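*Asks:* Top to bottom, those sequences are chains A and B. Under the working numbering, the first sequence has 155 at position 130, and the numbering climbs by one with no breaks. Under the working numbering, the second sequence has 88 at position 63, and the numbering climbs by one with no breaks.
Because the hints were derived from the structure by calculation, they are not lab data. It is possible that some hints are incorrect.
For identical chains, the list gives no copy identity; a pair is met inside one copy or between any two copies.
[Claimed, not checked] Once the Cα atoms are required to be at most 20 Å apart in a straight line, the calculated EDC-like pairs of lysine to aspartate or glutamate come out as:
hint	residue 1	residue 2
1	Lys281	Glu245
2	Lys249	Asp107
3	Lys162	Glu337
4	Lys186	Glu119
5	Lys186	Asp356
6	Lys304	Asp282
7	Lys162	Glu142
8	Lys186	Glu117
9	Lys249	Asp200
10	Lys281	Asp301
11	Lys281	Asp160
12	Lys375	Asp43
13	Lys249	Asp282
14	Lys375	Glu207
15	Lys39	Glu142
Since this is a predicted model, take the numbers as computed values, not measurements.
There are 2 protein chains.
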Amino acid sequence: MTNKNPRFINSLLKKPVDATPIWIMRQAGRYLPEYRASRQKAGNFLTLCKTPELACEVTLQPLQRFDLDAAILFSDILTIPDAMGQDLYFKEGEGPGFNKVIRSKKDVDQLLSPDPESELKYVMDAVRLIHHELDNKVPLIGFAGSPWTLSTYMIEGGATKTFQQTKSMMFNEPDVLHLLLEKLSQSVVQYLIAQIEAGVEAVMIFDTWGGILNPQDYREFSLKYMSLIVDKIKKTATCKQVPIILFTKGGGHWVKDIVGSGCDAIGVDWTVNLSDIKKQVGDKVALQGNLDPCVLYASPEVIQQKAGEILEQFGHGSGHVFNLGHGVHPDMNPEHIAALVDAVHELSRKYHL
Amino acid sequence: MTNKNPRFINSLLKKPVDATPIWIMRQAGRYLPEYRASRQKAGNFLTLCKTPELACEVTLQPLQRFDLDAAILFSDILTIPDAMGQDLYFKEGEGPGFNKVIRSKKDVDQLLSPDPESELKYVMDAVRLIHHELDNKVPLIGFAGSPWTLSTYMIEGGATKTFQQTKSMMFNEPDVLHLLLEKLSQSVVQYLIAQIEAGVEAVMIFDTWGGILNPQDYREFSLKYMSLIVDKIKKTATCKQVPIILFTKGGGHWVKDIVGSGCDAIGVDWTVNLSDIKKQVGDKVALQGNLDPCVLYASPEVIQQKAGEILEQFGHGSGHVFNLGHGVHPDMNPEHIAALVDAVHELSRKYHL
Numbered sequence: 026m027t028n029k030n031p032r033f034i035n036s037l038l039k040k041p042v043d044a045t046p047i048w049i050m051r052q053a054g055r056y057l058p059e060y061r062a063s064r065q066k067a068g069n070f071l072t073l074c075k076t077p078e079l080a081c082e083v084t085l086q087p088l089q090r091f092d093l094d095a096a097i098l099f100s101d102i103l104t105i106p107d108a109m110g111q112d113l114y115f116k117e118g119e120g121p122g123f124n125k126v127i128r129s130k131k132d133v134d135q136l137l138s139p140d141p142e143s144e145l146k147y148v149m150d151a152v153r154l155i156h157h158e159l160d161n162k163v164p165l166i167g168f169a170g171s172p173w174t175l176s177t178y179m180i181e182g183g184a185t186k187t188f189q190q191t192k193s194m195m196f197n198e199p200d201v202l203h204l205l206l207e208k209l210s211q212s213v214v215q216y217l218i219a220q221i222e223a224g225v226e227a228v229m230i231f232d233t234w235g236g237i238l239n240p241q242d243y244r245e246f247s248l249k250y251m252s253l254i255v256d257k258i259k260k261t262a263t264c265k266q267v268p269i270i271l272f273t274k275g276g277g278h279w280v281k282d283i284v285g286s287g288c289d290a291i292g293v294d295w296t297v298n299l300s301d302i303k304k305q306v307g308d309k310v311a312l313q314g315n316l317d318p319c320v321l322y323a324s325p326e327v328i329q330q331k332a333g334e335i336l337e338q339f340g341h342g343s344g345h346v347f348n349l350g351h352g353v354h355p356d357m358n359p360e361h362i363a364a365l366v367d368a369v370h371e372l373s374r375k376y377h378l
Numbered sequence: 026m027t028n029k030n031p032r033f034i035n036s037l038l039k040k041p042v043d044a045t046p047i048w049i050m051r052q053a054g055r056y057l058p059e060y061r062a063s064r065q066k067a068g069n070f071l072t073l074c075k076t077p078e079l080a081c082e083v084t085l086q087p088l089q090r091f092d093l094d095a096a097i098l099f100s101d102i103l104t105i106p107d108a109m110g111q112d113l114y115f116k117e118g119e120g121p122g123f124n125k126v127i128r129s130k131k132d133v134d135q136l137l138s139p140d141p142e143s144e145l146k147y148v149m150d151a152v153r154l155i156h157h158e159l160d161n162k163v164p165l166i167g168f169a170g171s172p173w174t175l176s177t178y179m180i181e182g183g184a185t186k187t188f189q190q191t192k193s194m195m196f197n198e199p200d201v202l203h204l205l206l207e208k209l210s211q212s213v214v215q216y217l218i219a220q221i222e223a224g225v226e227a228v229m230i231f232d233t234w235g236g237i238l239n240p241q242d243y244r245e246f247s248l249k250y251m252s253l254i255v256d257k258i259k260k261t262a263t264c265k266q267v268p269i270i271l272f273t274k275g276g277g278h279w280v281k282d283i284v285g286s287g288c289d290a291i292g293v294d295w296t297v298n299l300s301d302i303k304k305q306v307g308d309k310v311a312l313q314g315n316l317d318p319c320v321l322y323a324s325p326e327v328i329q330q331k332a333g334e335i336l337e338q339f340g341h342g343s344g345h346v347f348n349l350g351h352g353v354h355p356d357m358n359p360e361h362i363a364a365l366v367d368a369v370h371e372l373s374r375k376y377h378l
C-alpha cells in the first residue's frame, strides 16, 4: 500500500524528501486537448464530473504527460450544494448556476444533509476507480470548497463579482449565514471523510473567496468553519493521519491565524513572498505554492528562472509543495507545464541535500 | 482662497481636525438617479467625460445630497491612453476598449506625448469649471491611473481577468514594458501638474491592478513608477504643497514599501485592519479607507456600527480620511451613503478632542 512517490505526502508532513514535489491546480483541465476531447465525449461539464470513468480518465491525463507528484480528483466544489438540493447546472460559457438559491432561514432549513455514499456516490466511485488505476504511483488528493466559498455560490445562485446577496446576509442576518455555514461544515466533513475512506491520501479545502472578506469577517465566517472541519477530520480514526491543506486565495497575510486551524499545510497565492510567510509560520505547517500562473505565458527559460526564485525563497529543508498560486488558464501551453515540472525537480535537489 | 472645509486637506497633512473627513470612491456614479439622467443626456460615457459642463454637473451631484468633505473630478483613468493615440471607446455594458493596442516596442514608440492643455483640455476645462462652481466649499481631488494599471488596459485592449498579454510582456520583454511605463509616467506627471494648476487641491493615483502582482514585481513595475511621479510633482514649485494619495487595491500589506514613495497618504482596501496598518506606517503618512463597500447593502444601523469599528481601528488623532475600500456599486441605495457620511462625522468627534 505504500506509495511509490512519497515526496508529496512527506513534504506535507515536513519529512525529508529528495526533491520538492509539484502538482498544479487545475492540472486536469481545458488547456489539455485530451481533456477537451473527454469533455466533448461527456457532452457537458456536469456529466464529466458525474461519470466516474470519465472523471478518472481526465484525472489521469496530466500524469501521462508530466512528471507530477500528485493526482487530484477531477470534480467540482459545487457537488455539495447540488446534493443538498440546489439543482446545479452549467451553461456553456456562463459558469455554474442553481435552480434554487438560498436567501432565507427557511431556504437553509430546507437544505438536505446528503449521504456521500448515496447522493455523492459518483464522487466516491470516481475516487475508488482513480485510486485503483493510479496503483500507488502517486498520491491522490481529494477536496472540497470551504463553507464560506460554497455559501457565496449558493446565495448568489452562481458566480458573482460584488457578492451583494451574500454580504447582505452576512451584515443583515449573520445568524442565518452562520446556520448555513454550520450545515455546510457538516456536509463537508462527511464528504471529505468519505473521500478519505474511498482512497484519497490528502485533502485540500479551497477557500477561493475568503480573501474578499475583511480580517475580522474572515475569521468569523470562513476560518472558523474550516478549523471546525479540520478538527472533526483529525478526530476521526480513519482520517487522522491524512494531511489537510487549507488554501484561502488572497489570504497569504493571514497565515498566522490559519495555522491555528490545525491544518498540515497552507496554500498561498503569488501575492506574498514565500520567505516572509515561512518566517511567520515557522515549523508549524508546510507551505504550498506560489508561482504566478501567468509565468506560464513566458518562455521556458523565464519559467525556469522564476521557478528557481520561488524555490530559493522557501530555501532549504522539507515542507514545500510547489504549485501555482492559482489554477492553470485554459489558453496556456502544455509544454510550458512540462518545463515547469522538470525545472522544479531539477533545481530543488540542492535544497534537500 | 482658503477652503471653507479644511478637514480633508488637514487630515492628509496630519493636522488637527474637528471630525474625520469622508468622501467616497465613485461618489459621482450610477447609483445616483441624477447621474443616470446626466449620462442619458450625454448619450454615452465618453461624451460625459469629454463635456466639461456635464463632467462638472455630475461631480457636484453627490455634494448636493451628502455632507461630503471633498469632491473628486469626474473623469476616467483612460483619458491618458486615449490622448496618447489609442482611440478609446466604451461599448454599452462591455466596458472600455481601444482601437489600437500596445504589443511591441514599435507600438510604444508610436505613442504620443499629449500636452494636457491641448489633447486633454476638456479635463482641465472641467477642473476650472468645477473649481469655480465649488467656490471653495470643499476641496477638489484630481486623479490619474498608475502607469502599471494604465498599461494593463493599453496592452490587453480593455479590461481583463487573466492579464495574459500584459504579463507575457512583463515576463518575456520586460524592457518594452519598462519603456511603456516610463512614457506613461511622464504623461501622468504632466497631466497631474496641469490638473493642479487648473485648480485641484489634492491628487490621487489609482493603482487598481497593482495587487495582482507578486511583491517583487509590484515594486519593479508599479511602485517604482508611482514613486517617480510623486517625486516629480513634489519638485514642481506650483505643486509641492499639494497632498498626494496612492491607492493600490490589494496592496494594503505593502504599506511599508509604499511609504518610501514620498506620498502624503495611502489608500487601503477593506482586507486589512486599519489599526495594524497604522502601526506599520507610524506617523509617516495619512491613511484613507477602508470600509467594505458591501456594508452599504446592510441597514443604516449596521452601517453606523461598521463605520464605528473602522474609526475605532484608526483611533485617536488626525491622519485618517474615511472612505470605502473600493467604489460604490451601481445598485447601492443613496440613503445608505447619507447614513454613512453622517455616522462618520458624528462618531468620529470623540477621536479628535
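*Asks:* Which numbered hints turn out to be false for this structure?
*Replies:* Hints 2, 3, 7, 11, 14 and 15 not satisfied by this model.
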